[in-house]
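Protein sequence lines correspond, in order, to chains A and B. Its first residue numbered 1, the first sequence is counted upward by one per residue in the working numbering. Its first residue numbered 210, the second sequence is counted upward by one per residue in the working numbering.
A couple of the hints might just be wrong.
One-sided and incomplete, this derived list gives chain A residues near chain B with beta-carbon spacing under 10 Å [to be verified]:
hint	residue
1	Ser16
2	Ile19
3	Lys61
4	Lys75
Label pairs and their in silico Cβ distance ranges [said to hold, decoys possible]:
hint	chain 1	residue 1	chain 2	residue 2	range
5	A	Pro167	B	Lys414	55 to 65 Å
6	A	Ala67	B	Ile370	24 to 34 Å
7	A	Arg51	B	Asp221	22 to 32 Å
Hints in this document: simulated from the structure, not taken from any laboratory. Beta carbons are placed, not taken as given, at the ideal position from N, Cα and C, and that holds for glycine.
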Amino acid sequence: MHSRSAGDTLAFVETSAIINYAKVDVYSSLYPQRIPNRAAIIRNFLQHAIRNQWKLKTSKKVIGQLAFHRDMIEKELLMKKIPPAKVLKLVEVATKAIRGFLEKNVETKDVDGSDLFVKVNGFFERYKEDQRMLDVADMKEEKKGGITSSLPEQSDMRIFADALMIPSEYFITTDNHFCLEAELKAEFNIVIISHLNANRKMEDFGWDG
Amino acid sequence: MAVERELFSVSDKILYMLLFILDKSGGRVEGKTKLMKLLFLLETEGKMRFDFPIRQYHYGPYRDNEYNYALSSGLLQEEREKILDYSCIDVMLTGSGAKKIKELERLFSDRELRKAEEVIKKYADFSSTRLKEYVYKKYLDEFKDTDIDRFQHAISDILPIAQRKLEYAINENDRKTVHKQLKLVGYLEHFNKMLDGMAQKSIDKTERSVILNATNELIELLKSRNFSMEDNPDSEEICDFIDNYADVHGIGKSIANSDFSGFTEEEKRCIAEVLETH
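I would like the entire structure built from these sequences, with the hints used as guidance.
Here it is as structure tokens:
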């Protein structure tokens with residue numbers, strides 16, 4: 001069990017983790033029986049992190065990505081003929097949840113990890129044929145259709161490089177591309193926390209539930 | 210419980226604006242009434258989004274909590290003056306009040322503060338009496354219940370045009386315009402329902418006037434901008450204002466209120482499917 005004093009743990013919260021945090025708010029009112037498991041797990045973890053006074057950080061690029069996802073969701077729903085007032089309602093509820101989470105708990109930094117991007121990109125290139133990464137690509141392909149890469153999106157790698165600039169001890173994400181937990185720790189000295197290991201980490205930290 | 214909260218809470222936002230008014234008026238405002246009217250005008254004309262309503266009482270719009278708090282905490286002070294036989298109280302900003310302004314300034318954006326300053330400057334030369342008359346005339350007499358129907362018709366006329374622009378943006382894959390135009394169409398549909406609700410229940414005259422004044426302003430602004438929300442932050446601000454004002458004053462729920470009861474099962478299923486891919 002790790003012994004930590006309050007406020008000395010620095011963690012970077014990535015786009016997908018923030019979206020999933022807000023998803024619980026939306027699903028709870030909209031469709032409680034379909035709350036995605038990964039959303040529930042990561043939100044629970046983040047709530048414990050806040051309670052344990054972790055210093056949560058994010059970057060301006062993440063904020064940009066959140067706006068991008070919002071715009072895409074709006075467009076997809078409108079194309080499926082959901083009435084505009086209902087689309088706007090959904091987006092505003094989600095935006096309120098995200099804004100509330102960020103304003104109260106997360107500091108947004110304007111960092112530029114460009115120098116580290118080459119190293120991050122090189123790391124993932126080395127593992128692109130790794131079976132775990134190929135499985136992630138297969139899973140994504142099944143979900144979204146089309147041919148998908150075993151590499152994370154360029155923008156996601158840039159965000160990871162930003163997190164290394166801060167520097168962060170933990171990187172909180174629900175992007176399966178960051179499944180190489182041990183390798184990332186060895187290479188960048190950063191611990192990945194995702195829906196895949198969050199419950200285990202909470203046990204390690206001695207956090208209940 | 211909500212009423213209790215409203216009655217006993219001190220809103221940082223309203224407290225800040227009280228002190229801001231004093232600061233931008235050279236540190237002194239002639240009378241508490243004028244200060245309260247200016248606060249009301251910041252909400253109505255400056256489109257400040259407060260978290261508690263400035264209520265209409267028999268003597269006009271008023272909210273005491275923050276004023277009393279500021280007075281008892283030494284953030285402002287009153288100075289009684291006797292002019293002829295008429296006693297009046299000037300309200301002044303103290304050194305602690307000026308410090309408090311700095312402490313709370315993050316509550317509003319630069320744009321909101323600029324707008325607030327414009328409103329304060331606009332009415333700086335109004336006497337307390339003139340300001341009171343102005344508020345009463347504008348916000349109590351201008352619009353009647355019968356105007357609600359007129360505004361609903363105006364919104365119904367605008368909606369198809371705004372909707373066409375939205376569809377065009379979707380086809381053009383212009384996601385930024387889709388976002389802006391969706392906000393307009395979504396809000397107009399939402400406001401039309403809210404006006405329906407207003408027509409069916411008895412609403413305080415000032416609150417009705419504030420909503421209808423803002424709706425009128427929105428419609429005129431949209432006409433001048435060819436019913437587009439692009440490069441039209443004022444319209445966006447008015448939409449957010451109406452939504453927040455209606456919610457805080459209990460006229461209608463904010464669009465961001467997570468009540469999805471009007472959604473069909475099919476819509477919910479479809480939304481869940483889209484969300485799961487993000």
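Cross-check of the supplied hints:
{"no.": "1", "hint": "Ser16", "in the structure": "8 Å, holds"}
{"no.": "2", "hint": "Ile19", "in the structure": "6 Å, holds"}
{"no.": "3", "hint": "Lys61", "in the structure": "17 Å, violated"}
{"no.": "4", "hint": "Lys75", "in the structure": "5 Å, holds"}
{"no.": "5", "hint": "A:Pro167 <-> B:Lys414: 55 to 65 Å", "in the structure": "59 Å, holds"}
{"no.": "6", "hint": "A:Ala67 <-> B:Ile370: 24 to 34 Å", "in the structure": "26 Å, holds"}
{"no.": "7", "hint": "A:Arg51 <-> B:Asp221: 22 to 32 Å", "in the structure": "24 Å, holds"}
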